[in-house]
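Chains as they are written, first to last, in the working numbering: chain F, 16 to 325; chain U, 13 to 580.
There could be a bad hint or two in this list.
To be verified - Which bits of chain F does chain U cover? Going by a derived footprint, with three or more residues having C-beta under 8 Å, they are:
id, segment
1, 28 to 38
2, 163 to 177
As the list claims (entries may be wrong) - Under the rule of at most 30 Å between Cα atoms (straight-line distance), these lysine-lysine pairs were calculated in the DSS-like manner:
id, chain 1, residue 1, chain 2, residue 2
3, F, Lys-54, U, Lys-175
4, U, Lys-347, U, Lys-320
5, F, Lys-62, U, Lys-160
6, F, Lys-103, F, Lys-72
7, U, Lys-380, U, Lys-129
8, U, Lys-347, U, Lys-394
9, U, Lys-463, F, Lys-95
10, U, Lys-160, F, Lys-95
11, F, Lys-54, U, Lys-234
12, F, Lys-54, U, Lys-160
Derived from the structure by calculation, the hints contain no laboratory data. Don't be surprised by glycine CBs; every beta carbon is placed ideally from N, CA and C.
One-letter residues, chain by chain:
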Amino acid sequence: MTRYVLMRLIQGVITVWFIATATFFVMHNIPGNPLQNEKAVSEQVQKKLEEKYGLDKNVVVQYGIYMWNMIRGDFGLSFKQEERPVNKIIAERFPVSAILGVLAIVIAGMGGVLWGALTALYRNRWPDVVIIILVILGISVPSFVFATVGQLGIVVANRMLGFELLPVAGWGTIWHMLVPALVLGLGTMAFLTRLMRTSMLEIVNADYIRTARSKGVPVAQIFAKHQFRNAILPVVTVLGPSIAAITTGGFVVENVFAIPGLGRTFVEAVQQSDYTVIMGTTVFYGAFLVLMVIVVDLVYALIDPRVRLQ
Amino acid sequence: MVDAVQAPKSSVSTSSVWQLVKYALLALLLMFVLLTSLHFVTLRLGIGTESHAAVDFENNSITLNLGSEPPQLDSTRSTDMVSGQVLGHVMEGLIRYGPNNEILPGMATSWEVSELKGTFYLREDAFWSDGTPVTAHDFVFAWQTVLKPETASQYSFILYPLKNAEAIDNEEMAVETLGATALNDYTLQVDLEQPTPYFIKLLAFFTYLPINEEFYNSRERKYGTNAEDLIYNGPFVISKWQHGSRLRLEKNHTYWNKEETLLDAIDFGYILSDPTATINLFATEKIVMAGLQAENIERALANGWPIKEHVDGSVFYLGFNHREERPSSNRNLRKAIQLVCDPEELVYKVLKTPGNRPGESIFPVWLKGVEGLFRDEYPAPKHERNIELAQQYLANALNELGLAEPPRLTFLTGDSEFSTKHAEYYQNLFKQNLGIEVRIDQQTFSQRLAKMTSGDYDIVAAGWGPDYDDVLTFGDLFTSWNLNNRGLFKNDELDRNVQIAQQSSDARTRMEAMDRVQHILYEEAAIIFEYERGSSYVADDRVQGITRRAVGTDPDFTRAYLVKPETE
Chain F
16 MTRYVLMRLI QGVITVWFIA TATFFVMHNI PGNPLQNEKA VSEQVQKKLE EKYGLDKNVV
76 VQYGIYMWNM IRGDFGLSFK QEERPVNKII AERFPVSAIL GVLAIVIAGM GGVLWGALTA
136 LYRNRWPDVV IIILVILGIS VPSFVFATVG QLGIVVANRM LGFELLPVAG WGTIWHMLVP
196 ALVLGLGTMA FLTRLMRTSM LEIVNADYIR TARSKGVPVA QIFAKHQFRN AILPVVTVLG
256 PSIAAITTGG FVVENVFAIP GLGRTFVEAV QQSDYTVIMG TTVFYGAFLV LMVIVVDLVY
316 ALIDPRVRLQ
Chain U
13 MVDAVQAPKS SVSTSSVWQL VKYALLALLL MFVLLTSLHF VTLRLGIGTE SHAAVDFENN
73 SITLNLGSEP PQLDSTRSTD MVSGQVLGHV MEGLIRYGPN NEILPGMATS WEVSELKGTF
133 YLREDAFWSD GTPVTAHDFV FAWQTVLKPE TASQYSFILY PLKNAEAIDN EEMAVETLGA
193 TALNDYTLQV DLEQPTPYFI KLLAFFTYLP INEEFYNSRE RKYGTNAEDL IYNGPFVISK
253 WQHGSRLRLE KNHTYWNKEE TLLDAIDFGY ILSDPTATIN LFATEKIVMA GLQAENIERA
313 LANGWPIKEH VDGSVFYLGF NHREERPSSN RNLRKAIQLV CDPEELVYKV LKTPGNRPGE
373 SIFPVWLKGV EGLFRDEYPA PKHERNIELA QQYLANALNE LGLAEPPRLT FLTGDSEFST
433 KHAEYYQNLF KQNLGIEVRI DQQTFSQRLA KMTSGDYDIV AAGWGPDYDD VLTFGDLFTS
493 WNLNNRGLFK NDELDRNVQI AQQSSDARTR MEAMDRVQHI LYEEAAIIFE YERGSSYVAD
553 DRVQGITRRA VGTDPDFTRA YLVKPETE
């Protein structure tokens with residue numbers, strides 16, 4: 016077990032190193048750089064700027080310096096939010112994205128499992144049909160549509176009620192989180208619902224269910240202990256990548272609801288070619304995702320006694 | 013009752029459903045616990061917006077949205093409009109602009125300016141927010157800092173009228189030789205490199221703002237990065253700056269003219285760029301002003317919001333790549349393209365948002381001329397769409413270029429939805445009328461700039477906003493020495509005329525030279541005038557005294573005040 020975890024961690028470090036290296040060189044090879052501005056500057060000023068930020072050095076040397084600093088846990092200073100350390104930016108912004116992400120993933124996970132189980136119980140009857148139509152909508156409609164519609168919904172509700180039920184945008188209290196988290200989790204919830212439904216229906220015909228039934232186990236117990244628990248396993252498997260998708264995919268939602276999260280910071284950095292922030296967030300997210308996948312694998316072993324970690 | 017587990021198709025086991033309901037209740041409970049704990053975590057982190065009403069009569073304050081966050085607020089290094097807007101509320105230079113763009117005394121109460129020299133007499137009742145007086149040294153220090161190599165200021169060029177400024181910027185002379193001297197604490201003497209008739213108008217620009225040397229040095233490199241790393245001499249101070257979410261301004265009680273500041277606080281409570289989300293905030297009375305895009309105009313009309321228009325001062329045009337190896341360097345080809353374009357069609361049928369104005373010249377209509385407005389005194393070149401003539405020009409161009417078919421052109425533009433629509437309009441226009449194939453190249457901002465600089469395009473969608481209130485802010489754009497002339501247009505007559513306007517102190521001579529410039533640009537089809545940008549916006553009627561400007565702080569809330577609506 017320890018050996019397994021250790022191996023996975025080493026693999027993870029290699030993955031992150033690879034991500035960092037690839038990002039670094041791709042980033043430096045696309046046209047444009049963070050020192051460019053609408054108003055052109057003289058060669059002298061350009062040179063001064065490049066010297067100040069170390070961009071006058073050879074790319075390989077820059078890579079070496081960057082990697083050395085990164086190993087020591089220093090992501091450098093932002094180019095655009097001048098003089099602000101990237102570490103500090105991540106430390107400020109990530110908790111916001113994480114809170115939103117946790118909430119979204121819990122909504123998606125619990126909702127998906129429950130709706131999925133419900134559709135399986137009511138297979139081919141109206142609750143099943145209604146939910147499956149909603150699932151198709153949830154999977155196919157992009158999140159920026161949900162975000163806009165969700166926000167408009169708050170506006171209309173507030174106006175009809177005559178008082179502020181939920182804030183339209185912003186961050187800071189429980190009320191600010193509800194709709195953004197729901198919007199963020201909706202796609203994943205739809206996907207998990209479908210997965211849970213399929214998995215439930217597959218298990219209905221399994222041998223151990225028939226055995227349990229013939230032993231005279233009460234229906235509710237068969238449902239809870241055998242069918243439901245076993246059906247959840249595939250859901251747990253995809254939860255890892257889903258956490259990835261949700262915590263990084265928050266850009267649109269963060270943008271529409273004016274949430275000061277890391278997803279928004281990342282996309283803005285890409286648009287402005289803010290090298291250090293792009294690198295910092297990419298490496299940070301990369302490490303975070305690798306870690307999440309490892310954690311999910313470990314959790315899997317806990318739920319499913321058949322899985323042995325080697 | 014048949015068990016669902018055995019025969020799922022027939023009927024549903026109620027006991028299984030009950031089990032599921034139990035799970036659901038458990039899930040809800042868990043959700044509740046999670047929400048509550050996340051709520052407290054968020055409160056502890058202290059990141060967030062406090063939800064205020066758009067207009068708060070009790071605290072005499074307003075709430076606004078900021079389109080983006082200022083990268084930092086060190087005036088020697090600022091470049092963007094949002095930083096300019098915030099600095100315009102918390103700092104003050106030697107002069108300031110009044111509600112009608114007239115020049116008013118700021119830190120200087122009076123001044124004498126001759127051809128090569130200026131003397132500014134500073135007020136003795138001006139203080140920084142920490143109580144120290146604002147002196148002539150603060151200006152000398154700030155201007156020298158702009159030109160220091162370690163500052164690497166991108167706006168240093170705006171200081172070039174000062175004696176030796178350009179040489180210092182190029183590290184050929186020491187910063188101490190700059191033509192700005194504090195004769196005593198309250199007298200500032202300025203020496204100019206050459207006669208600069210518009211010098212006084214430059215002084216309101218943020219790069220010319222003063223900085224307190226002692227405070228600047230005490231913050232080392234962090235000056236301007238946080239609310240507590242700045243001191244202020246303007247109508248407001250920044251009382252709170254939460255990166256990514258909020259910037260709050262409060263009335264500065266050490267400001268010399270505080271009687272004219274009528275609001276107690278301006279709260280930029282949101283940092284949000286999404287236009288529809290901004291309108292939603294306005295609709296729920298969370299902010300007092302919101303920009304209107306085409307997609308939200310109907311909604312504004314349906315709600316009966318008062319729609320206002322504002323000329324934001326910038327001019328948009330299609331720039332050609334004049335490098336020899338490009339087909340767009342051929343004048344006949346450019347003329348052909350020019351003659352199929354119709355700015356009115358573009359503005360009224362493609363852009364559609366109210367406020368824009370068809371482009372006729374590089375000089376927008378609001379610029380001042382000799383006595384009145386420049387464009388009234390010197391009308392823009394006449395333009396009319398003429399497809400037949402355009403095709404003749406095209407035939408000549410193909411002849412000169414030795415081509416059998418019209419060349420394929422690359423149209424470089426931005427990555428927004430608007431850019432797509434705009435580029436596709438021209439793609440169609442050129443294809444239908446001239447048979448020219450256009451390849452649209454959409455790039456992010458910095459990549460587009462890189463391609464413009466390296467010359468990797470034929471036509472580019474470009475624009476220019478004014479830095480100061482004089483014709484030259486647009487007039488020198490296409491001189492051979494201007495680095496922003498990224499298409500490398502070169503015309504000796506134009507260069508000569510710009511030099512005249514830079515040095516002459518006679519208004520008429522200057523304006524006549526600029527009139528030549530607008531005609532040369534049209535005759536040579538150096539660029540194609542598209543539109544003067546105007547914006548439409550909705551604003552809360554309970555806030556009055558907001559100034560919109562083409563040059564300088566915009567929107568300007570320094571003189572804004574609240575008006576209680578009459579009770580019904």
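Results of checking the hints against the structure:
With 0 residues having a beta carbon nearer than 8 Å to a beta carbon of chain U, the segment 28 to 38 of chain F misses the requirement of three or more and the stated coverage is violated. Against chain U, the segment 163 to 177 of chain F contributes 7 residues with a C-beta closer than 8 Å to a partner C-beta. That satisfies the three-residue criterion, and the hint holds. At most 30 Å may separate the alpha-carbon atoms for a hinted pair to count; Lys-54/F and Lys-175/U meet this at roughly 22 Å. Restraint check for Lys-347/U and Lys-320/U: not satisfied, since their Cα atoms lie roughly 37 Å apart, outside the 30 Å limit.
Under the criterion of a C-alpha separation no larger than 30 Å, the hint pairing Lys-62/F with Lys-160/U is consistent with the structure, at around 13 Å. Proposed proximity of Lys-103/F and Lys-72/F is supported: the alpha carbons are some 26 Å apart, at most 30 Å. Note on Lys-380/U and Lys-129/U: the hinted pairing holds, with a Cα-Cα distance of about 24 Å set against a maximum of 30 Å. Proximity of Lys-347/U to Lys-394/U is assessed by CA-CA distance (about 14 Å); at most 30 Å being required, the pair is judged to hold.
Pair hint Lys-463/U plus Lys-95/F holds up; C-alpha atoms about 20 Å apart against a cutoff of 30 Å. For the suggested pair Lys-160/U and Lys-95/F, the alpha carbons sit about 20 Å apart, so the restraint of at most 30 Å is met. Between the alpha carbons of Lys-54/F and Lys-234/U the distance comes to roughly 25 Å, so the proposed pair stays at or under 30 Å and holds. Under the criterion of a C-alpha separation no larger than 30 Å, the hint pairing Lys-54/F with Lys-160/U is consistent with the structure, at around 19 Å.
Against the hints set out earlier in the document, violations occur for numbers 1, 4.
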